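Sequences are here, hints too, so could you generate the full structure?
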Amino acid sequence: MVSLKPVVNDPQGLVVTDALHSLGYPEVGATRVGKFISLDVTGEDAETARARVDEMCRRLLCNGVIEDYRFELREAVAP
Amino acid sequence: MSVRFGIAVFPGTWSDRDCSHAAGLAGAEAVPLWHADRDLKGADVVVLPGGFAYGDYLRCGAIARFAPLMDAVRAHALAGGPVLGICNGFQILCEAGMLPGALLRNSSLQFRCQPTWLRVETQATPFLRECRQGATLRVPVSHGEGRFYADRETLAQLNSEDRVALRYSEADGRLSSDANPNGSLQNIAGILNPERNVLGMMPHPERACEELLGSADGLQLFTSAIHQLASQAA
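Sequence order for the protein chains is A and B.
Each residue of the first sequence is one higher than the last, beginning at 1220 in the numbering used here.
Each residue of the second sequence is one higher than the last, beginning at 120 in the numbering used here.
Read the hints as simulated data drawn from the structure, not as lab findings.
What you are looking at is a predicted structure, and each value in this text was computed from that prediction instead of being measured.
Among the hints, erroneous ones may be present.
Unchecked claim - To give a feel for the contact side, a few chain A residues facing chain B, derived at Cβ under 7 Å: (1) L1233; (2) N1282; (3) G1283; (4) I1285.
To be verified - Non-contacting residues of chain B with respect to chain A, defined by C-beta distances greater than 10 Å in every case (computed): (5) P130; (6) R157; (7) A198; (8) G220; (9) A221; (10) N225; (11) Q252; (12) L274; (13) Q276; (14) V283; (15) D291; (16) L332; (17) T342; (18) A352.
Each residue gets a CB set at the ideal place from its N, CA and C atoms; glycine is no exception.
Here you go:
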């Protein structure tokens, strides 16, 4: 998950909030629109994979100037 | 010997022909620089033009910053060579860490293609040395993601070091939110690196180089750099 930092204005999120309000969901407060990125990765163990994915986030997937990221690893089930 | 402008071409760059034309009008020779090469072909000035390098996938400029050509551009800048990033080129420079901050979706969420007025905030850069500080230039913008953002400390530093080069303004130089086409913080349209040889700007000076097309104000950025280099060589 890559999302804009809380301090960065998110005009998309504001529009989505307005749209949800007009559809009858006044309970919606702030909305933030982000990105969902799914990666298939191979690795010796979870620790190595986690370190590699973290590096990918910092180098490419997330721009630390404006965005935050978080991720989780799930073991793939053999088909 | 004429000054040579290297015009970067990434897959998806669309303003390279206009930039070459503008460099020619200013009296320079223009050579295309392919993104996969590391050769600047003897360029004195490097221009990163507008467009959608690598489709703007992930984020504008996020993939382009890793192009082999960018290693050469970085080395050129470190050696003091002038670099002008326009629109997508500005986004690439920010992603590459050669300029601070980032360019975000316009606050209107709309692509904006319109003339703007730019107030010249400093002359202390090769590209604006012949513009008068406080003067306004008529230059168009054409982008969907041009809202300049930097954190508070970075903004303070840009201001205290006189590194805000251009701000969106009214024709008379007054700053207003109406004059700001994208919601950029403090109406910032262009910024400089600490050494002042790298300028990134969202507006397109190459599209304002002929009176026939509505304005020739943008030509000053090209001629200023050419004269700067000529005076260094003399």
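Exercise for the section: May I ask you to test the interface hint for A/I1285 with respect to chain B, counting a Cβ-Cβ separation under 7 Å as satisfied? Expected result: A/I1285 check passes; min Cβ-Cβ to chain B is 5 Å, inside 7 Å.
Problem - 10 Å cut-off, C-beta based - B/G220 kept clear of every residue in chain A - result: Label violated. Min Cβ-Cβ 6 Å, cutoff 10 Å.
Exercise for the section: Would you check whether A/N1282 satisfies its interface hint, that is, whether its CB is within less than 7 Å of any CB in chain B? Expected result: holds, 6 Å
Exercise for the section: Take a quick look at B/Q276 and tell me if its Cβ sits farther than 10 Å from every Cβ on chain A, holds or violated. Expected result: Consistent with the label, B/Q276 stays out of reach of chain A, its closest Cβ about 14 Å off (over 10 Å).
Handout entry: Nearest-CB test (10 Å) between chain A and B/T342
Key = Its Cβ never comes within 10 Å of chain A, the nearest being 33 Å, so this holds.
Practice task
Compute the least Cβ-Cβ separation between B/N225 and chain A, then decide whether it is above 10 Å.
Solution key: Non-interface label fails for B/N225: nearest chain A Cβ at 8 Å, not farther than 10 Å.
Problem - Cut-off 7 Å, beta-carbon criterion: hint that A/G1283 touches chain B - result: violated, 10 Å
Exercise for the section: Verify that the Cβ of B/A198 lies farther than 10 Å from every Cβ atom of chain A, and report whether the claim holds or is violated. Expected result: holds, 25 Å
Practice task
Beyond 10 Å from every chain A Cβ: check whether that's true for B/P130.
Solution key: holds, 17 Å
Handout entry: B/Q252 and chain A, when compared Cβ to Cβ, separated by more than 10 Å
Key = At roughly 28 Å from the nearest Cβ of chain A, B/Q252 sits farther out than 10 Å, so the non-interface label holds.
Exercise for the section: Taking the shortest Cβ-to-Cβ distance between B/V283 and chain A, state whether it exceeds 10 Å. Expected result: holds, 17 Å
Problem - B/R157 and chain A, when compared Cβ to Cβ, separated by more than 10 Å - result: B/R157 clear of chain A: closest Cβ-Cβ about 20 Å, beyond 10 Å.
Checked against the numbered hints given earlier, this structure breaks hints 1, 3, 8, 9 and 10; the rest are met.
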